[in-house]
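Based on the sequences and whatever the hints tell you, model everything.
Those sequence lines, one after another, are chains C and F.
For the first sequence, position 154 (counting from the first letter as 1) is numbered 153 according to numbering that gives the first Met the number 0, and the numbering increases by one without interruption.
For the second sequence, position 10 (counting from the first letter as 1) is numbered 9 according to numbering that gives the first Met the number 0, and the numbering increases by one without interruption.
Please note: incorrect hints may appear among the correct ones.
[To be verified] Using 30 Å as the maximum straight-line C-alpha spacing, the simulated DSSO-like pairs for lysine-lysine come out as follows: (1) F:Lys102 - C:Lys44; (2) F:Lys112 - C:Lys101; (3) C:Lys49 - F:Lys56; (4) F:Lys31 - F:Lys56; (5) F:Lys56 - C:Lys193; (6) C:Lys193 - C:Lys98; (7) C:Lys49 - F:Lys112; (8) C:Lys44 - F:Lys116; (9) F:Lys31 - F:Lys66; (10) C:Lys60 - C:Lys101; (11) C:Lys44 - F:Lys66; (12) C:Lys98 - C:Lys49; (13) F:Lys79 - F:Lys31; (14) F:Lys112 - F:Lys66; (15) C:Lys193 - C:Lys49; (16) F:Lys66 - F:Lys56; (17) F:Lys51 - C:Lys44; (18) F:Lys102 - F:Lys79; (19) C:Lys193 - F:Lys66; (20) F:Lys116 - C:Lys94; (21) F:Lys116 - F:Lys102; (22) C:Lys44 - F:Lys112; (23) C:Lys193 - F:Lys31; (24) F:Lys51 - F:Lys102; (25) C:Lys193 - F:Lys112; (26) F:Lys51 - F:Lys112; (27) C:Lys94 - F:Lys121; (28) F:Lys112 - F:Lys79; (29) F:Lys121 - F:Lys51; (30) F:Lys31 - F:Lys116; (31) C:Lys49 - F:Lys66; (32) F:Lys66 - F:Lys102; (33) C:Lys49 - F:Lys51; (34) F:Lys102 - F:Lys112; (35) C:Lys193 - F:Lys116; (36) F:Lys121 - C:Lys60; (37) C:Lys44 - F:Lys79; (38) F:Lys112 - F:Lys56.
No lab work stands behind these hints: they were computed from the structure.
Owing to the predicted nature of the structure, the values given are computational and were not obtained by experimental measurement.
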Amino acid sequence: MSEVTTSRRAFIGISATAAAATAGFVALAPGVKLMDLAQAHADSKGASSKVRWGMLIDTTKCATGCSDCVSACARENAIEPGSGRPAQSSQWIRKIELKEKKGGHRELSLPMLCQHCANPPCVDVCPTGASFQRADGIVLVDRHICIGCRYCVMACPYQARSFVHEPLHNQNPEVPRGQGCVESCTLCVHRVDKGESPACVESCTHQAMLFGDLNNPQSEIAQRVATVASSQIRADLRLDPGVRYQGI
Amino acid sequence: MLRLAALVLITLALSAAVNAAGVPRPVIDIAKPGQCIDTPEVMRRTHMDLLKHQRDKTMREGERHSKVSLNGCIECHASKQNGSVLGGPDNFCQGCHSYAAVKLDCFECHQPKAGYKAAGGKR
Chain C
0 MSEVTTSRRA FIGISATAAA ATAGFVALAP GVKLMDLAQA HADSKGASSK
50 VRWGMLIDTT KCATGCSDCV SACARENAIE PGSGRPAQSS QWIRKIELKE
100 KKGGHRELSL PMLCQHCANP PCVDVCPTGA SFQRADGIVL VDRHICIGCR
150 YCVMACPYQA RSFVHEPLHN QNPEVPRGQG CVESCTLCVH RVDKGESPAC
200 VESCTHQAML FGDLNNPQSE IAQRVATVAS SQIRADLRLD PGVRYQGI
Chain F
0 MLRLAALVLI TLALSAAVNA AGVPRPVIDI AKPGQCIDTP EVMRRTHMDL
50 LKHQRDKTMR EGERHSKVSL NGCIECHASK QNGSVLGGPD NFCQGCHSYA
100 AVKLDCFECH QPKAGYKAAG GKR
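This is the structure we're talking about:
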């Protein structure tokens, strides 16, 4: 009896592998390894808890005065400046310039965006469950049930969230946005689900931004995080951000 | 008194005549007509449930390859005139919703036009 069970298990295992391999070859593009596809490509299966999307930002490469990531984000997600009131327009990503006052007056610049925390305070405080975290670690707002109370805006230590004050038009169909809801960086979830990188990462001409699966030891980001000193901003809060910075 | 009774009778007769003819059914202008998921009769009754179920699957679980998709509806059923499902009595969503007197608030956030090209990261 036990022998039958073993062979059945082995058979199921072999069939599953064969099915996965067939599916893999169908979608295989040049330069995409089967490993990447199985581990990171959430195309057909949806978000998987095996994946932890993250970003590594090299502040030594990030150029002062450059805002390519900010404008790429605005183009991709159709974020337009509000009607003459820039203080009210949404901000998903912003550039921060830092200067050390002591020593050699070292200057550095970095993009600040939603840190996609593993323990997000915005999700903790949300009274309706609109602020949520996907299985792959991306923190999003469900605008269908967001009541616009802005508790999450207050709770976020990175000031990553914005409130939409005015009616919006000409949204990207894959990025629905509207008045009365809170929003923040989605890590370009609509692109990530298609196997692409976020728009900011793609736009960075200085190669300062690296996007990938932190859980996959084969991925470039996991290897960089394992070999290069990087830090999380306000790590003392123990929110475990998915966005890490190098050189700060 | 007689005059008032006559007036009431005339009013009733007029409203009955309007009811018999009914409100004209909307004539919808669709760029790419055809049946994608189910018959028009089924879709008229169940599209809201299908869309509500799928929106949670897509947003919360990242499942983006379902046949049920608001963007999918819009891509085919937008009008030839303005490329949108909104705009007038012959547009797919608006025409039917105003006929049925049901509020339509999807498009306060969603894009009602077909054929949008996302800009992407590269300039």
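Going down the list of hints, with the structure as the test:
Annotation: proposed proximity of lysine 102 of chain F to lysine 44 of chain C is violated, straight-line Cα distance about 34 Å (limit 30 Å). Proximity of lysine 112 of chain F to lysine 101 of chain C is assessed by CA-CA distance (about 55 Å); at most 30 Å being required, the pair is judged violated. Our distance criterion of 30 Å between C-alpha atoms is met by lysine 49 of chain C and lysine 56 of chain F, whose separation comes to about 18 Å. For the proposed pair lysine 31 of chain F and lysine 56 of chain F, the alpha carbon gap of about 27 Å is at most 30 Å, so the pair holds.
This hinted pair checks out: lysine 56 of chain F and lysine 193 of chain C have alpha carbons roughly 16 Å apart, not beyond 30 Å. Distance restraint check for lysine 193 of chain C and lysine 98 of chain C: the Cα-Cα separation of roughly 38 Å exceeds the 30 Å cut-off, and the hinted pair is therefore not satisfied. With a C-alpha separation of about 36 Å, the suggested pairing of lysine 49 of chain C with lysine 112 of chain F is violated against the 30 Å cut-off. A C-alpha spacing of about 25 Å is found between lysine 44 of chain C and lysine 116 of chain F, which places the hinted pair at or below 30 Å, so the restraint holds.
For a cut-off of 30 Å, the pair hint linking lysine 31 of chain F to lysine 66 of chain F stands: about 16 Å separates their Cα positions. Under the criterion of a C-alpha separation no larger than 30 Å, the hint pairing lysine 60 of chain C with lysine 101 of chain C is consistent with the structure, at around 22 Å. Simply put, lysine 44 of chain C and lysine 66 of chain F have alpha-carbon atoms about 15 Å apart, close enough for the 30 Å limit, and the pair holds. Taking the CA atoms of lysine 98 of chain C and lysine 49 of chain C, the gap is about 39 Å. The hint is violated against a cut of 30 Å.
Annotation: proposed proximity of lysine 79 of chain F to lysine 31 of chain F holds, straight-line Cα distance about 8 Å (limit 30 Å). Restraint check for lysine 112 of chain F and lysine 66 of chain F: the C-alpha separation of about 19 Å stays at or below 30 Å, so the hint holds. The hinted pair formed by lysine 193 of chain C and lysine 49 of chain C meets the criterion: a straight-line CA distance of about 17 Å does not exceed 30 Å. Distance restraint check for lysine 66 of chain F and lysine 56 of chain F: the Cα-Cα separation of roughly 12 Å lies within the 30 Å cut-off, and the hinted pair is therefore satisfied.
Between the alpha carbons of lysine 51 of chain F and lysine 44 of chain C the distance comes to roughly 19 Å, so the proposed pair stays at or under 30 Å and holds. Of the supplied pair hints, the one linking lysine 102 of chain F and lysine 79 of chain F holds, its CA atoms being roughly 24 Å apart against a limit of 30 Å. A distance of roughly 16 Å separates the Cα atoms of lysine 193 of chain C and lysine 66 of chain F; the hinted pair therefore holds under the 30 Å criterion. A distance of roughly 27 Å separates the Cα atoms of lysine 116 of chain F and lysine 94 of chain C; the hinted pair therefore holds under the 30 Å criterion.
Annotation: proposed proximity of lysine 116 of chain F to lysine 102 of chain F holds, straight-line Cα distance about 28 Å (limit 30 Å). Distance check on the hinted pair: lysine 44 of chain C and lysine 112 of chain F sit about 28 Å apart at the alpha-carbon level, within 30 Å; holds. In summary, the hint linking lysine 193 of chain C to lysine 31 of chain F is supported, as the alpha carbons are separated by about 26 Å, within the 30 Å threshold. For a cut-off of 30 Å, the pair hint linking lysine 51 of chain F to lysine 102 of chain F stands: about 15 Å separates their Cα positions.
Taking the CA atoms of lysine 193 of chain C and lysine 112 of chain F, the gap is near 22 Å; set against the 30 Å cutoff, the hint holds. Of the supplied pair hints, the one linking lysine 51 of chain F and lysine 112 of chain F holds, its CA atoms being roughly 20 Å apart against a limit of 30 Å. Of the supplied pair hints, the one linking lysine 94 of chain C and lysine 121 of chain F holds, its CA atoms being roughly 19 Å apart against a limit of 30 Å. With a C-alpha separation of about 11 Å, the suggested pairing of lysine 112 of chain F with lysine 79 of chain F holds against the 30 Å cut-off.
Note on lysine 121 of chain F and lysine 51 of chain F: the hinted pairing is violated, with a Cα-Cα distance of about 34 Å set against a maximum of 30 Å. At roughly 19 Å between alpha-carbon atoms, lysine 31 of chain F and lysine 116 of chain F fall within 30 Å of each other, so this suggested pair holds. Simply put, lysine 49 of chain C and lysine 66 of chain F have alpha-carbon atoms about 26 Å apart, close enough for the 30 Å limit, and the pair holds. Using a Cα cut-off of 30 Å, the hinted pair lysine 66 of chain F and lysine 102 of chain F holds, with the two alpha carbons roughly 24 Å apart.
At roughly 27 Å between alpha-carbon atoms, lysine 49 of chain C and lysine 51 of chain F fall within 30 Å of each other, so this suggested pair holds. Under the criterion of a C-alpha separation no larger than 30 Å, the hint pairing lysine 102 of chain F with lysine 112 of chain F is consistent with the structure, at around 19 Å. Among the hinted pairs, lysine 193 of chain C with lysine 116 of chain F is consistent with the structure: their alpha-carbon atoms are about 15 Å apart, no more than 30 Å. Taking the CA atoms of lysine 121 of chain F and lysine 60 of chain C, the gap is near 19 Å; set against the 30 Å cutoff, the hint holds.
For the hint linking lysine 44 of chain C to lysine 79 of chain F, the alpha-carbon distance of about 35 Å lies beyond 30 Å, and the restraint is violated. For the suggested pair lysine 112 of chain F and lysine 56 of chain F, the alpha carbons sit about 23 Å apart, so the restraint of at most 30 Å is met.
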